[in-house]
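Below are the chains, spelled out letter by letter.
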Amino acid sequence: MFAVDTLLNHGDTIHLGDVLSKQVENDNRVTYFSAICDGDESEADRYTVIKKQVKGAPENVEFPEKSVVLAFESNKNVSNNVSIYYAVPESQYGGGD
Amino acid sequence: MNFYNAVEEGKERNGDAAENRPDGVSELLENDETVGFEEGDSLANVGYSSYPDDRESLYLPNTTAILTSIIAADKVRDQEDLADELGFNRGSQTLSDALEFHNVDLPENVDHTSSPYVDVPTADGDKRVNLREFGNDFYTAYTLYVAAGLSITEISQLVEEPEQEVRRSLAGHGLL
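Those protein sequence lines, which keep their order, are chains G and C.
Counting from 1, position 85 in the first sequence corresponds to residue 108 in this note's numbering; the numbering is continuous, with no gaps.
Counting from 1, position 108 in the second sequence corresponds to residue 114 in this note's numbering; the numbering is continuous, with no gaps.
Please keep in mind that the hints were generated in silico from the structure rather than gathered at the bench.
Misleading hints may appear alongside valid ones.
Reference listing, derived: stretches of chain G covered by chain C, where coverage requires no fewer than 3 residues with Cβ under 8 Å from a Cβ of chain C [stated by the list, open to error]:
1) 75-88
2) 108-117
Estimated spans, in silico, between C-beta atoms of each pair [what the hints assert, rightly or not]:
3) S32(C) to F86(G): 38 to 44 Å
4) S55(C) to D28(G): 36 to 42 Å
5) D111(C) to P81(G): 32 to 38 Å
6) K81(C) to A80(G): 37 to 43 Å
7) P81(G) to S32(C): 40 to 46 Å
8) Q99(C) to F95(G): 23 to 29 Å
9) D61(G) to D60(C): 30 to 36 Å
Remember, predicted model here, so these are calculated numbers, not experimental data.
Heads up, the beta-carbon is just placed ideally off N, CA and C, and yes, glycines get one too.
Next comes chain G alone, as it looks inside the complex (with noise of 0.2 Å):
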């Protein structure tokens, strides 16, 4: 097993395993994602952390193949508006269609 303890921002690259257990903190529009992932830190999968912006209530939010949902924002000062931290495996990235 690893810990995974960092700042999601997006863009960011970084290690998972299977989650088997995570906590999300926000502060100040700061979103921290610990994580305990089973599984070599070493060997474990590169995933891109990819920040998206769902406003409104939509009534379905899409995410790429294989993917990884993180955490999510809410911003209180505005309703129905909410960031999703997710995360695509690096392997997703080919260059293919």
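Given chain G's structure and the hints, the job is docking chain C onto it.
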């Protein structure tokens, strides 16, 4: 058809397009690739509706191929052209960061003037002409109007000169 008969046929149609034209003339005229979002045909491997339009979509896996295909277009010379094609601000830092993220290189040492040379289909194969020489060069005018059978309107769009100027040039070359 010999040279003199071809010229006479051109005079008879008085600026209209020839009825029978060489293969490839349509493709020459239909090339509508223009830099700019929703201007002409898309320069990418996908349509405009699939272009990345925000910070999130600029980082998605399929965006690598979209950026690469736009940059591969001859008309895209630098990041400003790429930004224009995508509909982003020219100085967009978000776009710069995304290019770095996808490890996509921009063209280097490109000529910022578009090439005036085109290959014009004729019955005797493709003939290369300099569009900027249309008004002065008989060969260019003959190739476009007589050999390829283009109309004055079509030539006007190709050489980017008013139709009356094209008509005047053709008349000056003795082709009308």
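Sort out which numbered hints this structure fails and list those numbers smallest first.
none
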